[in-house]
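S.K.: We have chain A; now place chain B with the ligand onto it with these hints.
For the record, the sequence lines run as chains A and B. Those letters in the first sequence? Residues 1 to 573, per this note's numbering, in order. Those letters in the second sequence? Residues 574 to 652, per this note's numbering, in order.
For the record, the hints were derived by calculation from the structure and aren't laboratory data. Remember, predicted model here, so these are calculated numbers, not experimental data. The beta-carbon is built from N, C-alpha and C at its ideal position, and this holds for glycine as well. Don't take every hint at face value.
[Said to hold, decoys possible] Label pairs and their calculated CB-CB ranges:
no.	chain 1	residue 1	chain 2	residue 2	range
1	A	R286	B	L642	27 to 37 Å
2	B	K575	A	P493	40 to 50 Å
3	A	A232	B	D603	33 to 43 Å
4	B	I616	A	R206	44 to 54 Å
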Amino acid sequence: MKFIRVNMTDKSIRVQDVPEEYSGLGGRGLTSIMINAEVSPKCDPLGPENKLVVAPGLLSGTPLQNTSRISIGAKSPLTGGIKESNAGGTVAAALGRLGITGIIIEGQAQERDLSILRVDKEGEAGLIPARDYKGMRTYTFVEKMIELYGKKTSVLCIGPAGEYRLTAASIQSSDIDGHPCRAAARGGLGAVMGAKGLKALIVDQRGQSPDPIADPEVFKEAARAIAKAVKAHPEPGHLMPTLGTAALVAPLNSMGAFPSYNARKGVMNGWEQISGEALAELIKKRGGKTTHMGCAQCIIHCSNVFVDTQGKYVTGALEYETIWAMGGMTGIADLDTIARLDFLCDDIGVDTMSTGVGVAVAMDAGYKEFEDGNAAIEMVEEIGRGTEFGRILGNGPAAVGKYFNHPRVPVVKGQGIAGYDPRAMLGNGVTFATSPMGADHTAGNVIGLCLQGKLDPLKAEGVVEISRNLQIAIAAFDCTGHCFMATVAVLDPEAGEPFRKALSAKLGTELGPEDFPGAMGVRVLKAEREFNKRAGFTNKDDRLPKFFYEEPLPPHNTVFVISDEELDTVFDF
Amino acid sequence: MKIKVKLYGTLRHRVAGYHSPQGLEVEIPDEATAKDLLDTLKIPGHRGAVFIMEGRILNADDKLRHGALLDVFETIHGG
Ligand code: SF4
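Just chain A, with the same shape it has in the complex (with noise of 0.2 Å):
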């Protein structure tokens, strides 16, 4: 239980035991009371005052499968409010097995200047320069410290985008195979980093000093209970490690709800192209791999390896929503483009979903026709060399709305929605109306609710309760480092209690339903609201852009129509 704290002005480091007043907090629930507690507001995001927290879940590190989620935290330089973005990986495990809480990231290097920090496996911190490095995209980044620190080594590390400083700039975290293919994406913390004068951390995964768990025969007896629940469950059980996340493509076509020509259609031309299932047979015809174990410790393997005709790696972790982002939103119904597209947004180290919502815009702006896959490929590559115009792309939709004078910008507290249209799926406007993090896919997602017919897609009635209570949950789960796709299985509440014997085991306190999600997602979305209101949001912010509630949405031709008054009492707690 140990905080790494680096300095980047001076280069200090400074390793504290984990004060009281965080102590219980992990992933999310950290990163975000921390920036809360610690963080001006009113700062510039990509200035000295700002501080990058990096913090594996509460359960990240035991046995527990499925626990290498990191969380990443900051003042957003896209939204100017807090921002937690988690990804997958090794990482999270990694720091995990050292008994590392938190890694704090202050101050700012000079000018030009870069380094990377790496952890050990005794979890001794140490900046090394890495001025050789600048510039260099993330797969031969990762390569190289793979090449000079071994196989066992887990890396987070921005692109040129996060060294531009551009605020859609990503954290790319390196899988199981050493590929930088999974990302905290969203908000601009890879700006952050690059602000920070920070190109990596990385961390050697055969760390052996996890904090002990307060009863360790309750927790294994525990695991195996969620380890058995989440193989039996249809979702991680079967359809994620035979189509991962893909499979959505499908049902928010048929049900109109897949935002399409930057958000002027619910259903996409082509969109079987696509699809999920034609994404499995065309990695399987090729030789690529489905069911891939993307993550530390996963027992689901939603993951995959994109490979050419040849047979050559493209991209890994090709995910729904950036199918969508880079399919659906421009009209690209092939997915050797997309997968490339894919490849490019890591390899350049910036968020695939603003991206392609980016494109979208400039599309639907009249740039480039929309379907023009080489033109959105050009567009991408703009952002890597640093062109005036991959400047604009890579700050995210809104700055490319800002420069076509373009109205149609999806975005919610200046970051692009994700793969839900608001007019088709109401219960999905509301969470990204109202998350503290804006537009956001993971902060309480109905599309399983409305899938299993308890929510009607269409319907108002209801959608405001059960968006909180889907954000509150999220927000608790997001604290402990278990991969969404796992937590499924466990999300019902009858279904929760194995997973909150867990917990209760890990931490030595018993956990009641109340206290786990209950109190604790409540804790964290408080600190969020609390922060973001300190930086000057208000309840207009809480808002979707004009053209949702003005524009019907074919083929059902609805609008958003959650009032104003009803958006103001989802945090009603």
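M.R.: This is chain B with the ligand only, laid out in the frame that chain A set:
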């Protein structure tokens, strides 16, 4: 009545002779519900089956309509 069925996710591997993208033409009794269709296809009791007909998500006991296209999925909570 006759309806056209398209299966997605792992469901398409559970029905012998299923060919995508053509789908299946299924003959079922006039009053048949979405749930009856699963029985007809011999994928009964599948936890989390979702039926979407003309853009609308059906309940398991909703009646089907002659000539309609029915998409059948499995529940998924996001990604
Ligand atoms: S299910 Fe997917 S995202 Fe979750 S841990 Fe496994 S590979 Fe990673």
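S.K.: Which earlier hints can't be squared with this structure?
M.R.: none
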